[in-house]
Amino acid sequence: MSGKTLYDKLWDSHVVREEDGGTSLIYIDRHLIHEVTSPQAFAGLKESGRLPRRVGANLAVADHNVPTTDRSKGISDAVSQLQVTTLDQNCKEFGITEYDMNDPRQGIVHVIGPEQGATLPGMTIVCGDSHTATHGAFGALSFGIGTSEVEHVLATQCLVSRKMRSMRITIDGELRPGVVAKDLILAIIGEIGTSGGTGYAIEFSGSVVRALSMEARMTLCNMTIEAGARCGIVAVDESTIDYLENRTYAPKGDQWIEAQKLWSDYVSDTDAVFDQEIRLDGQTILPQVTWGTSPEMVIPIDGIIPDPQGLSDESRREGWVRALEYMDLESGTPIREVRVDKVFIGSCTNGRIEDLRAAAQVARGHRVASNVSLAMVVPGSGLVKRQAESEGLDAVFTRAGFEWREPGCSMCLAMNADRLEPGERCASTSNRNFEGRQGQGGRTHLVSPAVAAAAAVAGHFVDPAELEIKT
Amino acid sequence: MEAFKTVKGVVLPIDRSNIDTDAIIPKQYLKSVARSGFGANLFDEWRYLDHGEPGQEHSNRPINPNFVLNEKRYTGAEVLLARSNFGCGSSREHAVWALRDYGVKVIIASSFADIFFNNCFKNGLLPLVLPEDVIDVLFDSIKDEPGYMLEVDLESQNIITPDGTQHSFDIERFRKYCLVNGFDDIDLTLQHKKDISEFEASHKQRMPWLFEDIS
Ligand code: SF4
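First to last, the protein sequences are chains A and B. 1 is the number of the first residue of the first sequence in my numbering; add one for each residue after it. 472 is the number of the first residue of the second sequence in my numbering; add one for each residue after it.
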């Protein structure tokens with residue numbers, strides 16, 4: 001018999017019972033909650049008179065609706081305000097720990113989970129949010145769920161689920177200088193498509209992945225959902241353990257020693273067999289920029305906007321034509337010639353300290369180009385913000401003409417006041433370039449933090465390596 | 472949940488792949504703390520010519536005449552036909568609530584995004600996967616036949632076209648069982664409380680740190 005994949009191990013250690021026909025009841029260790037997908041779940045609990053099974057397994061935070069400007073005045077949009085206070089009230093009523101809008105630890109749910117050590121190897125982690133895939137970077141099984149399932153987890157600490165197929169994406173070799181995890185995942189999505197991972201749990205491995213920091217692994221896993229896979233996982237290694245040591249909710253003392261021993265087994269066995277294997281050479285990957293309205297519509301920074309006429313699949317061709325029209329782009333144009341109106345650096349994909357450092361390194365000593373009406377940096381959490389400020393990154397950004405904001409989801413999905421106006425074009429470090437995602441009629445190009453900062457400075461897309469580095 | 476047996480309804484064809492949940496229900500409507508009332512904003516940005524906001528009166532908004540949903544012949548559609556990767560993107564169950572609220576009971580596509588697919592079953596909406604060639608045929612037939620209806624029989628797992636052709640479909644046994652009986656997942660799971668407690672005890676023994684409360 002072949003060995004077990006990391007996914008097998010995570011799955012097998014959480015099966016409460018198996019039903020006929022392939023569904024199982026699986027146990028959930030950690031449940032993260034935010035204000036958008038939870039109100040109806042709490043309402044459901046109340047209607048049926050149920051209580052959360054394990055209050056202490058939950059951690060809640062308000063992130064999607066919160067303003068990124070001065071919070072002392074509260075939230076001006078009454079509907080957003082109601083959603084945030086509803087979360088506050090529900091958490092209070094049920095005794096769930098919440099980092100409210102003014103808590104220094106507040107931030108994007110997928111940034112604060114790992115930051116607080118609430119995300120640990122070997123766990124099952126869920127949240128009513130598709131980017132829960134992020135936490136798989138820690139050798140955990142983590143995936144997004146809908147609101148009915150949020151209620152189900154609250155009430156039972158379990159989910160009815162079905163084992164996925166397994167895929168391994170191995171990236172060997174080395175990355176070129178300036179190429180980061182965001183480029184890697186965009187290149188992968190370009191390769192396998194936005195439904196290439198549907199039905200799979202994807203494990204990322206290979207020398208490139210092993211060399212990535214934990215933050216970079218989070219970026220990688222974060223966007224597996226954009227490849228159709230609900231979860232991305234990376235095996236536990238020394239980087240995982242180093243990151244977690246002394247985090248608030250990580251085990252301490254004897255338990256820390258015990259935990260490390262157990263965690264070292266959260267790797268795929270060498271003889272494990274995957275349902276699908278994909279291999280990439282790290283050396284071939286360049287900085288990436290999306291040109292269309294789906295993350296798979298992506299090209300390298302030196303690329304030209306492709307021509308749909310070459311596509312044989314009719315439905316795909318029509319999709320490309322529509323995307324070009326929506327994005328107001330012409331086939332054959334070098335992406336470098338495309339000028340941007342706004343720049344957004346932040347989100348659960350790229351709102352961590354390393355992301356801000358990478359962007360600051362490019363922005364340092366430069367000025368935001370005059371055709372860019374707004375370049376904003378939104379830290380992923382209050383702690384990220386504080387760290388960045390202690391390193392003087394805020395000053396680097398503001399001196400260059402960027403706005404330095406309060407933490408939250410912000411213009412990643414534009415539920416708060418931060419958004420694109422119709423027709424505006426944005427270089428964004430977020431994860432979705434769907435029509436209207438950053439504001440109705442807005443045009444989003446997904447890029448890494450360094451490429452976003454370079455676009456802000458140059459006013460158009462450019463390889464950051466071409467900009468003068470100032471110290 | 473209401474039990475699902477058969478549906479016979481007008482088919483709304485949206486000839487696109489990768490219809491994402493942002494398109495199905497734009498983010499501004501996610502601010503609602505209710506579970507209903509999303510139907511008027513289903514496909515809001517495709518359906519109306521102006522920008523909509525929650526709480527707005529929708530009856531007098533300018534309609535996009537080029538969006539298929541606004542064509543008279545598809546009024547009251549209960550079956551939605553699309554291409555691949557339907558429901559990709561965010562986990563928002565609001566997308567399913569909007570479709571249900573509008574009156575959609577069945578979605579036929581060549582593939583679905585996983586989270587959306589799951590969310591459908593929790594709300595008595597049946598997502599059906601059919602092969603691409605069958606979907607091609609359905610799109611063609613609808614074009615030529617105003618008032619085109621499909622009958623979807625969950626018990627026998629068949630779709631019946633107006634000319635009597637049958638296309639069978641697969642569905643997981645447990646999901647079918649819940650749908651046809653209108654069962655609530657939580658009730659079913661709570662019948663296994665003993666199993667859950669036993670699992671918890673052994674899980675805790677192995678990894679006690681997982682049971683330290685977040686506080
Ligand atoms: S940053 Fe964007 S993708 Fe991440 S949780 Fe917030 S809205 Fe979702």
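There's no promise every hint is true.
In silico PhoX-like links for lysine-lysine, alpha-carbon gap of 25 angstroms or less [what the hints assert, rightly or not]: (1) B:Lys675 - A:Lys163; (2) B:Lys479 - B:Lys647; (3) B:Lys614 - B:Lys576; (4) B:Lys675 - A:Lys9.
Don't read these hints as lab results, they were simulated from the structure. Please read these numbers as outputs of a predicted model, since none were measured by experiment.
Verification of the hints:
1. B:Lys675 - A:Lys163: holds (23 angstroms)
2. B:Lys479 - B:Lys647: holds (18 angstroms)
3. B:Lys614 - B:Lys576: holds (21 angstroms)
4. B:Lys675 - A:Lys9: Satisfied, since the Cα-Cα distance of roughly 17 angstroms is no more than 25 angstroms.
In this structure, none of the earlier numbered hints is contradicted; all agree with it.
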